[in-house]
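Residue numbers (this note's numbering), protein chains in the order written: chain G, 1 to 441; chain F, 1 to 441.
It is worth saying that the hints were derived from the structure and are not from the lab.
Since the structure is predicted, the reported quantities are computational estimates derived from the model, not experimental observations.
One or more hints might be untrue.
When the alpha-carbon atoms are kept at most 25 Å apart in a straight line, the in silico SDA-like pairs for lysine to any residue are as follows [unchecked claim]:
no.: 1; chain 1: F; residue 1: Lys-260; chain 2: F; residue 2: Gly-55
no.: 2; chain 1: G; residue 1: Lys-179; chain 2: F; residue 2: Thr-266
no.: 3; chain 1: F; residue 1: Lys-260; chain 2: G; residue 2: Phe-221
no.: 4; chain 1: G; residue 1: Lys-179; chain 2: F; residue 2: His-13
no.: 5; chain 1: G; residue 1: Lys-179; chain 2: F; residue 2: Glu-178
no.: 6; chain 1: G; residue 1: Lys-140; chain 2: F; residue 2: Ala-249
no.: 7; chain 1: F; residue 1: Lys-179; chain 2: G; residue 2: Leu-252
no.: 8; chain 1: F; residue 1: Lys-140; chain 2: G; residue 2: Asp-282
no.: 9; chain 1: F; residue 1: Lys-8; chain 2: G; residue 2: Asp-148
no.: 10; chain 1: F; residue 1: Lys-140; chain 2: G; residue 2: Phe-221
no.: 11; chain 1: F; residue 1: Lys-260; chain 2: G; residue 2: Glu-150
no.: 12; chain 1: G; residue 1: Lys-8; chain 2: F; residue 2: Leu-115
no.: 13; chain 1: G; residue 1: Lys-179; chain 2: F; residue 2: Asp-9
no.: 14; chain 1: F; residue 1: Lys-140; chain 2: F; residue 2: Thr-266
no.: 15; chain 1: F; residue 1: Lys-211; chain 2: G; residue 2: Glu-178
no.: 16; chain 1: G; residue 1: Lys-179; chain 2: F; residue 2: Arg-143
no.: 17; chain 1: F; residue 1: Lys-140; chain 2: G; residue 2: Val-18
no.: 18; chain 1: F; residue 1: Lys-211; chain 2: G; residue 2: Arg-254
no.: 19; chain 1: F; residue 1: Lys-179; chain 2: G; residue 2: Ala-383
no.: 20; chain 1: F; residue 1: Lys-179; chain 2: G; residue 2: Asp-117
no.: 21; chain 1: F; residue 1: Lys-179; chain 2: G; residue 2: Phe-176
Just a sample of chain F residues kept apart from chain G, beta carbon distances all over 10 Å, derived [stated by the list, open to error]:
no.: 22; residue: Gly-41
no.: 23; residue: Pro-128
no.: 24; residue: Val-152
no.: 25; residue: Ala-196
no.: 26; residue: Trp-230
no.: 27; residue: Glu-242
no.: 28; residue: Asn-293
no.: 29; residue: Asp-324
Simulated DEER-style distance windows between Cβ atoms [as the list claims (entries may be wrong)]:
no.: 30; chain 1: G; residue 1: Pro-345; chain 2: F; residue 2: Gly-361; range: 51 to 59 Å
no.: 31; chain 1: F; residue 1: Thr-214; chain 2: G; residue 2: Glu-178; range: 40 to 48 Å
no.: 32; chain 1: F; residue 1: Glu-242; chain 2: G; residue 2: Lys-268; range: 55 to 63 Å
C-beta: ideal position from N, C-alpha, C; glycine also.
There are 2 protein chains.
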Amino acid sequence: MTQAVRIKDLGRHEGQVVAVRGWVTHVRSKGKIAFVVLRDGSGIVQTVASLQDVGDETLARMDAATQESSAVVTGTVRADRRAPGGYELQLKSFEVTGDSPDYPIAPKEHGVEYLLDHRHLWLRHRGPWAILRVRDEVEKAIRDFMYDREFVLIDSPILTPAACEGTSTLFETDYFDEKAYLSQSGQLYLEPACMAFDKVYCFGPTFRAEKSKTRRHLTEFWMIEPEMAWATLDDAMALAEEMVSYIVARVLDRRAEELKVLERDTSKLESVVPPFPRLSYDEAAAILTRPENVKRAEEAGAPPFVPGSDLGAMDETILGEPFDRPVMIHRYPVEVKAFYMQPDPERPDRALCVDVIAPEGYGEIIGGSQRIHDPELLQARIAEHGLPESAFRWYLDARRYGTVPHAGFGMGIERVVGWITGTRHLRETIPYPRTIQRLYP
Amino acid sequence: MTQAVRIKDLGRHEGQVVAVRGWVTHVRSKGKIAFVVLRDGSGIVQTVASLQDVGDETLARMDAATQESSAVVTGTVRADRRAPGGYELQLKSFEVTGDSPDYPIAPKEHGVEYLLDHRHLWLRHRGPWAILRVRDEVEKAIRDFMYDREFVLIDSPILTPAACEGTSTLFETDYFDEKAYLSQSGQLYLEPACMAFDKVYCFGPTFRAEKSKTRRHLTEFWMIEPEMAWATLDDAMALAEEMVSYIVARVLDRRAEELKVLERDTSKLESVVPPFPRLSYDEAAAILTRPENVKRAEEAGAPPFVPGSDLGAMDETILGEPFDRPVMIHRYPVEVKAFYMQPDPERPDRALCVDVIAPEGYGEIIGGSQRIHDPELLQARIAEHGLPESAFRWYLDARRYGTVPHAGFGMGIERVVGWITGTRHLRETIPYPRTIQRLYP
Numbered sequence: 001m002t003q004a005v006r007i008k009d010l011g012r013h014e015g016q017v018v019a020v021r022g023w024v025t026h027v028r029s030k031g032k033i034a035f036v037v038l039r040d041g042s043g044i045v046q047t048v049a050s051l052q053d054v055g056d057e058t059l060a061r062m063d064a065a066t067q068e069s070s071a072v073v074t075g076t077v078r079a080d081r082r083a084p085g086g087y088e089l090q091l092k093s094f095e096v097t098g099d100s101p102d103y104p105i106a107p108k109e110h111g112v113e114y115l116l117d118h119r120h121l122w123l124r125h126r127g128p129w130a131i132l133r134v135r136d137e138v139e140k141a142i143r144d145f146m147y148d149r150e151f152v153l154i155d156s157p158i159l160t161p162a163a164c165e166g167t168s169t170l171f172e173t174d175y176f177d178e179k180a181y182l183s184q185s186g187q188l189y190l191e192p193a194c195m196a197f198d199k200v201y202c203f204g205p206t207f208r209a210e211k212s213k214t215r216r217h218l219t220e221f222w223m224i225e226p227e228m229a230w231a232t233l234d235d236a237m238a239l240a241e242e243m244v245s246y247i248v249a250r251v252l253d254r255r256a257e258e259l260k261v262l263e264r265d266t267s268k269l270e271s272v273v274p275p276f277p278r279l280s281y282d283e284a285a286a287i288l289t290r291p292e293n294v295k296r297a298e299e300a301g302a303p304p305f306v307p308g309s310d311l312g313a314m315d316e317t318i319l320g321e322p323f324d325r326p327v328m329i330h331r332y333p334v335e336v337k338a339f340y341m342q343p344d345p346e347r348p349d350r351a352l353c354v355d356v357i358a359p360e361g362y363g364e365i366i367g368g369s370q371r372i373h374d375p376e377l378l379q380a381r382i383a384e385h386g387l388p389e390s391a392f393r394w395y396l397d398a399r400r401y402g403t404v405p406h407a408g409f410g411m412g413i414e415r416v417v418g419w420i421t422g423t424r425h426l427r428e429t430i431p432y433p434r435t436i437q438r439l440y441p
Numbered sequence: 001m002t003q004a005v006r007i008k009d010l011g012r013h014e015g016q017v018v019a020v021r022g023w024v025t026h027v028r029s030k031g032k033i034a035f036v037v038l039r040d041g042s043g044i045v046q047t048v049a050s051l052q053d054v055g056d057e058t059l060a061r062m063d064a065a066t067q068e069s070s071a072v073v074t075g076t077v078r079a080d081r082r083a084p085g086g087y088e089l090q091l092k093s094f095e096v097t098g099d100s101p102d103y104p105i106a107p108k109e110h111g112v113e114y115l116l117d118h119r120h121l122w123l124r125h126r127g128p129w130a131i132l133r134v135r136d137e138v139e140k141a142i143r144d145f146m147y148d149r150e151f152v153l154i155d156s157p158i159l160t161p162a163a164c165e166g167t168s169t170l171f172e173t174d175y176f177d178e179k180a181y182l183s184q185s186g187q188l189y190l191e192p193a194c195m196a197f198d199k200v201y202c203f204g205p206t207f208r209a210e211k212s213k214t215r216r217h218l219t220e221f222w223m224i225e226p227e228m229a230w231a232t233l234d235d236a237m238a239l240a241e242e243m244v245s246y247i248v249a250r251v252l253d254r255r256a257e258e259l260k261v262l263e264r265d266t267s268k269l270e271s272v273v274p275p276f277p278r279l280s281y282d283e284a285a286a287i288l289t290r291p292e293n294v295k296r297a298e299e300a301g302a303p304p305f306v307p308g309s310d311l312g313a314m315d316e317t318i319l320g321e322p323f324d325r326p327v328m329i330h331r332y333p334v335e336v337k338a339f340y341m342q343p344d345p346e347r348p349d350r351a352l353c354v355d356v357i358a359p360e361g362y363g364e365i366i367g368g369s370q371r372i373h374d375p376e377l378l379q380a381r382i383a384e385h386g387l388p389e390s391a392f393r394w395y396l397d398a399r400r401y402g403t404v405p406h407a408g409f410g411m412g413i414e415r416v417v418g419w420i421t422g423t424r425h426l427r428e429t430i431p432y433p434r435t436i437q438r439l440y441p
């Protein structure tokens, strides 16, 4: 049997006869010659058959093959500079494995909702193929980065017992006569674990039942969350810039073809190296209240920035724009951030926290902080926020028994993939997106 | 400031003065000398302080330090063959960072339910530490294995729309006025994806609301599921034995210390290399119906094996026992397996499926099959099983448009970690276990 070769590896077999197993994307025939473009999971290749080489029966079969029919072909690998991938296949045989009548995604334009209704098929097309191969690389880069730095993977639970911060954005389920809630973050479970392993992370799906319809929201998304014992806000910021830079460099190095398919301007990614610029919240507020920026937000119809409040999407865009790499905004007012964040000892109304904003208007990709490690202070904050102390008893234990300063952050994978691939809608950065309007397929 | 070093790296600093940040596990003092054993996330080390070196105030502080107090110490690294890890620290200073009054896990024996109630603290102890570091290595080994073989990660959704095979073992949640169910497997989502990427996998949490209280059941567990286009049962079996062997070799190579802590007999793991023995279901049935095996099951109080039915835990133990590596049982009767399995063309009452049984009585770790790729046959099976065709329309699409033979399997991570670490109860192989009786912490 002829050796089966994946399309991306054809170059290693120049002049040889090989088999390729793939799917038909285009067919063109003129007289005694037929061209079929085939794709497989690794790339695309043009095949050429002449009447003389394959006979009229095969030529007719090629001519009749419809989009996304599966086929096994054999032929000789020939270098061809004009061909995609640099090689074409001079065919000896062409056999259809599975036909494809009335394939629902025509080469013509479809609306995105139609395409998402056919996500299980749309995955086969060049855009989704390229985006999801970048996603694969991003996720593996993160796993390697964590492992090489001796972080221990702690898979945090999805089913959690307490609706710690209110149930409005939580998915709830019956759990053998109790109530359980789908996790929004593994952080609470990582903090005790970092006291066992020094450096830990979780990396799994998280859930928000937010009734938000923006292009920046999914109800189910993946998040990487590192947590380090004996660490401060500065340590978390250093890890964040190192990790983001590592991911971008890996994708530039190993997914260049995919970025080309997506027509991504890679010069905008090449500048993503440490150190990232740092702005305190107060510096950011001063920028946002400049007259030209107030006017800009107004013209865009965005809500005006109010000093002391959290940043909105437009504020993030304005702050990120002057920089060729992500910018880190640190030390927000305590009251706009989560209860567990350590106050700045030099200014207790500011939290030792950081948000990392991607360039080019892609918004926040990371949120992190140093955590309160003093048990009394944490207990007081839980009470101030009106949270049930009983639900946090085990979480407080990490402070009662050998507490240490610790810090960490969460990074949303879809936001990073969106930025790196130049995809504005997060729903295209995950294989089967879940939004307020979509639970199918 | 003195350089902080992790305990496992002390050997690189022999003769130097370093800082160690960790937690106290034992204290012993006699007169003018005190010993404190410290742990950090990387290992344990004995420290020694003399009155002459540190003064009486520090000596008193050491003497007063309770279990799991956090401390920063400085001292000189000294080789000591009798010490755990081969080095000890001659102290210059000892500072408590966080005290630990009445630490709830004493060195004495506790029941496992008590320990699981304190799982957030129990993680700090040697057994859980070792098991979860093996788990980390197993998961990273799988990621590397998949990546090196060019499988593309396809994160399959947790929230799914249809209760395809009945709701009795599904967790249900409200999804914006619809019903959603937590996924039991990503397979249905991977099959269409393998037609886009050739080779794909998912690796995430899966959920079974089973009312089962055995040591082999968790309600939330992690599963790796590879799926390959243009693949047969034989390809799936070859991948399974290669992957399992790779994982075991990685753990033996990189987690030897942890296996030693767990007193695992590693000679039982060293023999785990391809090829794995293969038994057809019919061969397995012949073994199980031998009088001595019937008697054995009877004596163990296990239900008797009935030819034509699925295998029970005792049957798996009997079948696995003669072998020094996992055994692959293939071609079960069609009626005891899932509707989507390809029938054996040579014997259509048998499915092209495989279960991989771990040695030493650890039971099934993998279940897989070749999938039906003919759309008419799949449609007929869906109808025969009384399943709602509408819920499977998108799944059928993978066969309607360029179908190809494809195969894959699922491997439960906790079962593999349990086997490799010699842990009988799966609840100890995941950081925060979820069982019918446990949703806390």
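Decide if the proposed pair is consistent with the structure: G/Lys-179 and F/Thr-266, CA atoms, cutoff 25 Å inclusive. Given pair G/Lys-179, F/Thr-266 is violated - Cα atoms ~42 Å apart, limit 25 Å.
Would the hint linking F/Lys-140 and G/Phe-221 be met if the CA-CA limit is 25 Å? At roughly 21 Å apart (the allowed maximum being 25 Å), G/Phe-221 and F/Lys-140 satisfy the hint.
Please verify that the nearest CB of chain G lies beyond 10 Å from F/Trp-230's CB. violated (5 Å)
Tell me if the beta carbons of F/Glu-242 and G/Lys-268 are separated by a distance inside 55 to 63 Å. violated (41 Å)
Is the claim that F/Asp-324 lies outside the interface with chain G correct, judged by CB distances over 10 Å? holds (30 Å)
Hinted pair G/Lys-179 and F/Glu-178, Cα distance within 25 Å: Given that 25 Å is the threshold and the Cα spacing comes to 19 Å, the pair holds.
Within 25 Å, alpha carbon to alpha carbon, are G/Lys-179 and F/Arg-143? violated (34 Å)
If you draw a straight line from the CA of F/Lys-140 to the CA of G/Asp-282, is it 25 Å or shorter? Outside the cut-off at roughly 41 Å; violated.
Regarding the pair G/Lys-8 and F/Leu-115, is the alpha-carbon distance no greater than 25 Å? Judged against 25 Å, a Cα distance of about 52 Å means the pair is violated.
Between F/Lys-179 and G/Leu-252, is the straight-line Cα distance small enough, at 25 Å or below? violated (41 Å)
Does the Cβ-Cβ separation between F/Thr-214 and G/Glu-178 fall within 40 to 48 Å? violated (21 Å)
F/Lys-140 and F/Thr-266 were given as a pair; does the straight-line alpha-carbon distance stay at or below 25 Å? holds (20 Å)
The earlier numbered hints that this structure contradicts are 1, 2, 3, 4, 7, 8, 12, 13, 16, 17, 18, 19, 22, 23, 24, 25, 26, 31, 32.
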